[in-house]
Structures are given as C-alpha cells and as structure tokens.
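Line by line, the protein sequences give chains A and B. For the first sequence, the working numbering assigns the number 1 to the initial residue and increments by one for each residue that follows. For the second sequence, the working numbering assigns the number 1001 to the initial residue and increments by one for each residue that follows.
The hints are all genuine.
List of simulated lysine-lysine pairs, DSS-like, C-alpha gap at most 25 Å:
1) A:K18 - B:K1037
2) A:K19 - B:K1037
3) B:K1029 - A:K18
What the hints contain is simulated information worked out from the structure, not anything from laboratory work.
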Amino acid sequence: MQWMTLFQKELLENWRNKKWIWVPLVIILLSIMDPLTTYYLPYIIEATGGMPSGVVIEELPEYAPSEVLLMTLSQLSMLGVLVIVLISMGTISGERKSGVSELVLVKPVSYMNYITAKWVSYLLLVWVSLFLGILVSWYYINILFGTLSFGDFVTTFFFYGIWLTFVVSLTIFYNTLFKSSGLVAFFSILSIMVMSMITKIFHHILDWSPNNITEYIIDTISTGEISKDLILTGIITTALSLTLILLSSQFLKRKEMAG
Amino acid sequence: MLDINWALLAPLLIIQFILVVVALVDLIKASDTNGPKWLWAFIIVLGNILGPVLYFIIGRRKD
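Please model the complete structure; the sequences and the hints are all you need to start from.
Shown next, in the form of structure tokens:
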C-alpha cells in the first residue's frame, strides 16, 4: 500500500536521525524535572548557600499531587511544545526546498497520503514520548507527593496528547505554506502564543479553546470527575487538527501545481 | 535536612548520560556538521541537557 510505504520511509528517517532516541528522553527529562526540583527545593536552597540572613520562611508550601502534575504540564507546554515544533519544522518545507518532495510527488502519490504519512509518523513519536514522560512523572509524583490514580494518568496522557496533536498539525500546516523551516517554527510558535493570549482575553466566551485543555485536565483530576468542558475542548481541538491537515493537503497541491 | 535518595535521582542522570553518548556517537559518525566538529563536542559535553538537544536540532546535517 502506498500510504504504508510513505509511512515507513518517515519512520526510518526519524530513526536514522535519532529522533526516536532523543525526543522521548528529552520529554521524560522535562516531565520529571519539576517534581524532582520541587521536592528537593529545601536541599537546593541549603546547598546553594541558604537563605540570605533576615529571610525567614516558616515552612515551604506543601504541594498537592495535582499541583505538581500541573507543573509538569506547564513545563511540557513551554519547552515540550518548542521541541515538537523544532523537530517537525523542516519535514515538508525542507523536502520542498531540497526538491525531494518533487521527486516523491511527481509519481502518482496523493498529496493527502504524503501529508498524513508524515503527520502520523510525528504523532506516533510525540504520543510515545508523552506516554513515557507522563508515566515517569506520575510515578515520581506518587512516590514523592501523594496518590494520583491510574485513571488520572490515563486522562492526563490522553487529553494532553490531543493538545500536542494540535501542535503537530499546526506545524505541518505551516510546513506547506513556507519553504523556510525557520519561518515554519516562527509562525507555529507565534500562532500558539496569539491563541493563548486571545483565550486569556476572551476567557468568558472561549470556553473550549484548545489552550484551556491543561486547565480542564487539572480540574478533572482535582474533582475526580471528567468534566463536560474537558470533553468538548478535546473534541474541538481534534476537529481543528483535522481541519489543519485537510487544508495542508489543499495548500500543498496548489503550491506544487503552481510551482 | 532532607536526605538525598540517589535511587530517585539515578534515572535523571542516566537519561542525561545516554543523551550525551548518543549525541557524541552521532557526531563522530557524521561526515559533516553545521560548524566545526570540536565545537559541537564541547557543546554536547558541557551543555548539560541543552547541549545534545542543540546538536540534534541545529548541528546535525541531513544526510
């Protein structure tokens, strides 16, 4: 099958350029960094010379497990998203620049297959990395801060994965618009930042903006009930991702025809 | 004062170590990099987590 061939090519490429090794490792590191540093904060303060005299902290705040999980997710939302954008910024734009995409697309390969093969291969990499990262973070939080159920882990992994799916889709979308991978990365990050600002400003109307998903995940974990908001946000985020992929194949078709 | 439980921190150190080794092996095998190889070797070894990541994103050339 044509799609499988393209997909295998993508997997092989991401294996050869070591993404399958370093991306999961970096995501795991990002996920456990905050639980560990938060736990060892008193020790770190002591080791780096202690508090300046006069500063008295009665007791460092105690964190609830869900608060620590929120730290992990915010770390992933900053550096994790950055890593994901940077690994996928050249996947189509680079091939268009170097002419590889022409070599592929001159054959009877459908644009949809070409794009979705790339999309799924990156999603697989991102979901596997996220699974490992959240799993390790969940394990540490359970040891160091208190119980988070296995269900909490699954909810976090699944719904946060939907958000990262959106990030990958957005980057793929910009990949079909620009030939420079720098521009792809710039506009992907810019879009996410603008979306986050708009969501904050119009918070009362935009209940189900993709950027709210982290907030709803944490709500769900602290209340123990999957909220309607979380599910709707998940559905909307998935729909947006699919729309972006459909648009990408349209744009790529038009560009390649014109070029 | 809190005791440091090295069993807890071991995964962190092991992962960092693997990252550095994978990046160095890749660097040695690479025929060409963006910028001088010895500089990348420094960045990988001294750059903590960021070093290997920078190398993989910027330093590596497409084959």
